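These protein sequence lines map, in sequence, to chains A and B.
So for the first sequence, numbering that gives the first Met the number 0 puts the first residue at 0; every next one is plus one.
So for the second sequence, numbering that gives the first Met the number 0 puts the first residue at 0; every next one is plus one.
Because the hints were derived from the structure by calculation, they are not lab data.
No experiment lies behind these values; they were computed from the predicted model shown.
Glycine included, each C-beta is placed from N, C-alpha and C at the ideal position.
A hint or two may mislead.
[Claimed, not checked] The calculated lysine to any residue pairs, modelled on SDA-like cross-linking and capped at a C-alpha distance of 25 angstroms, are:
no., chain 1, residue 1, chain 2, residue 2
1, B, K4, A, H118
2, A, K132, A, G250
3, B, K253, A, L194
4, B, K253, A, R98
5, B, K253, A, E174
6, A, K132, A, G169
[What the hints assert, rightly or not] To list a few chain A residues with every Cβ distance to chain B over 10 angstroms, as calculated:
no., residue
7, L110
8, M165
9, M170
10, G181
11, P223
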Amino acid sequence: MANLNATVRRRNGEVGDLRLEVAAASDRGRVRERNEDFFAYYVPGDRARLADYGSLFCVADGVGGHAAGEVASAEAANVLLQEYYFAPLRHRPEQRLRRAFQSVAVHVFSLGDYHSDFHNMQTTLTALLLRGKRYWVGHVGDAKCYHVRAGRVRQLTRDHSLAAQMRGLGMLGAEEARSHPGRHVLMRSVGVDPLVRPDMTGGATQPGDVFALVTDGVMDYVTPADLAGLLVPTDLEAGVLRAVATANARGGGDNLTVMAVAIGEDAGA
Amino acid sequence: MPLTKGAMVADYRLLDLLGEGGMASTWLAEAGDGRRVVLKFPDTTQLGDPAVFERFRRELAIGERLDHPAIPKALAICEDWHHPFLVMDYVRGELLSEVLRRRGRLPWPEAVGVLRELLAALAYLHAQGVYHRDLKPENLMLTPEHHVKIIDFGIALMGGRPRVTWRGFSGLAGTPQYMSPEQIRGERGGAGSDLYAAGAILYELVRGQPPFVGDNPLAVMYQALNDVPEPLSRFAQLPPGVDAVLARALCRDKTQRFASAAEFAAALEAPQTVTAPEDAPPRRRAKIPTLLREPLLWLLAVALLTAAGTLIAIAHFAHTP
Numbered sequence: 000m001a002n003l004n005a006t007v008r009r010r011n012g013e014v015g016d017l018r019l020e021v022a023a024a025s026d027r028g029r030v031r032e033r034n035e036d037f038f039a040y041y042v043p044g045d046r047a048r049l050a051d052y053g054s055l056f057c058v059a060d061g062v063g064g065h066a067a068g069e070v071a072s073a074e075a076a077n078v079l080l081q082e083y084y085f086a087p088l089r090h091r092p093e094q095r096l097r098r099a100f101q102s103v104a105v106h107v108f109s110l111g112d113y114h115s116d117f118h119n120m121q122t123t124l125t126a127l128l129l130r131g132k133r134y135w136v137g138h139v140g141d142a143k144c145y146h147v148r149a150g151r152v153r154q155l156t157r158d159h160s161l162a163a164q165m166r167g168l169g170m171l172g173a174e175e176a177r178s179h180p181g182r183h184v185l186m187r188s189v190g191v192d193p194l195v196r197p198d199m200t201g202g203a204t205q206p207g208d209v210f211a212l213v214t215d216g217v218m219d220y221v222t223p224a225d226l227a228g229l230l231v232p233t234d235l236e237a238g239v240l241r242a243v244a245t246a247n248a249r250g251g252g253d254n255l256t257v258m259a260v261a262i263g264e265d266a267g268a
Numbered sequence: 000m001p002l003t004k005g006a007m008v009a010d011y012r013l014l015d016l017l018g019e020g021g022m023a024s025t026w027l028a029e030a031g032d033g034r035r036v037v038l039k040f041p042d043t044t045q046l047g048d049p050a051v052f053e054r055f056r057r058e059l060a061i062g063e064r065l066d067h068p069a070i071p072k073a074l075a076i077c078e079d080w081h082h083p084f085l086v087m088d089y090v091r092g093e094l095l096s097e098v099l100r101r102r103g104r105l106p107w108p109e110a111v112g113v114l115r116e117l118l119a120a121l122a123y124l125h126a127q128g129v130y131h132r133d134l135k136p137e138n139l140m141l142t143p144e145h146h147v148k149i150i151d152f153g154i155a156l157m158g159g160r161p162r163v164t165w166r167g168f169s170g171l172a173g174t175p176q177y178m179s180p181e182q183i184r185g186e187r188g189g190a191g192s193d194l195y196a197a198g199a200i201l202y203e204l205v206r207g208q209p210p211f212v213g214d215n216p217l218a219v220m221y222q223a224l225n226d227v228p229e230p231l232s233r234f235a236q237l238p239p240g241v242d243a244v245l246a247r248a249l250c251r252d253k254t255q256r257f258a259s260a261a262e263f264a265a266a267l268e269a270p271q272t273v274t275a276p277e278d279a280p281p282r283r284r285a286k287i288p289t290l291l292r293e294p295l296l297w298l299l300a301v302a303l304l305t306a307a308g309t310l311i312a313i314a315h316f317a318h319t320p
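Construct all of the structure, not just a fragment, from the sequences and the given hints.
Structure follows, in structure tokens:
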């Protein structure tokens, strides 16, 4: 932990009738010169807005020379929040989230097209929306969203990497896919095209649920089971810091970001 | 900073773009003294990676160490510009990929001549402990004197875990049409994969296309893992034994391939002495479900789909205000 250069944020709030806690940590790791990961979230303070739009959390992992990766990930995360919360209320939450992804794609692509320094910049983007007692996940790239419930951890997102695609086609076994060089090859990212097709999934939340948004650099060193063990709802901040520190201690070959959101018991009156 | 014809880059004037991959681009350039050189620039997406400069250093070190007529020298790393680039010997000639594009395919004796020189270069490289890992017609030059030069060692020295998008894949692990099955499965590749690539190049020189082709790289890789190439004798008049030579060179099991570049070269001189690998898998045919082989059933399926589409359209327009 001594060499950890992390950014941590923590917030308590309410999601519908449930309390939630969020903590996040991000570090450039031990090899990369810059941290091209970015995380952002918004939990509306206004109860009406919270009920209508819910809370949105996202992580992004940028790709690009010089500062382009940092720009791509930061722009993607911030524009996603902006576009989601400014979307018309008549759209369903999943529709709003999907359209927000599309706006992000146009924005990042245009930035790269317009500024020669940002040419060909791209980013992953994975977002978790909590509204009422439901969740939705929108996803492009190879960051991961995990769902931990009653000690069981489930990956909600499918990696858009070459290795994952080869595994899906039966060309690689599970162990081969974990070490394959194609695990770092993005098949789908934000910024390469003005159009993007995010994967969408969703379900119902329960008190005690923990969601984790994690960039791929962490998962090279930490297993999903490790992560579930670290992200204890009663001490989420320590958990995200330990996850990042563990990844660093085991190599830290990439930027490292963990954002955890815990759903608490009913808020009551 | 975008690179364009005529631009000055440090002390060099860019003359022509020679090639562009996901990891790097190469340019023909003119030095201040009029000498022609090749400049290699990392792709902009790799500039945040400290391993990029390290790879250039290693490519330079390797280039300085190697001394073979088929291998142009890496001359220097230039650091006096926005980002480092590699300066390499210029080789006059035509890329083998361009030769194939222009001529379609080569007669067997000429193809063997190309392979003979490539295998001699590989024998030298492998003896030095250097493995190319990305041999393909785009990385081979034919001089006006019909000598072969290997012009790009981009991933021969790869280390670390660069972050690339799909366009950078061939710079990371090889080019699917020439990748050995073990490289496709994620192994780093060594002498055996270089010899596999040489076999794939020979196949393409004779047939006019690589052993496996597909709509996308994944389709090519899938075939390389699960299928065997069509015998070359179906496409050209060849000496007896050539099919066995290619079957050995392109065997999915690397232990059944030629053990060395010298053994492969000897097989080319006497193909009739080569036996095909013992466990070469039978050529698979795509399995089409029995039901769909019946022509009448196809007609019925098309008719049903057309009817369904019509009904949906009618329902839509009936409800549209």
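Hints, verified against the model:
no., hint, result
1, B:K4 with A:H118, "holds, 19 angstroms"
2, A:K132 with A:G250, "violated, 38 angstroms"
3, B:K253 with A:L194, "violated, 42 angstroms"
4, B:K253 with A:R98, "violated, 49 angstroms"
5, B:K253 with A:E174, "holds, 20 angstroms"
6, A:K132 with A:G169, "violated, 37 angstroms"
7, L110, "holds, 14 angstroms"
8, M165, "violated, 7 angstroms"
9, M170, "violated, 6 angstroms"
10, G181, "violated, 7 angstroms"
11, P223, "holds, 20 angstroms"
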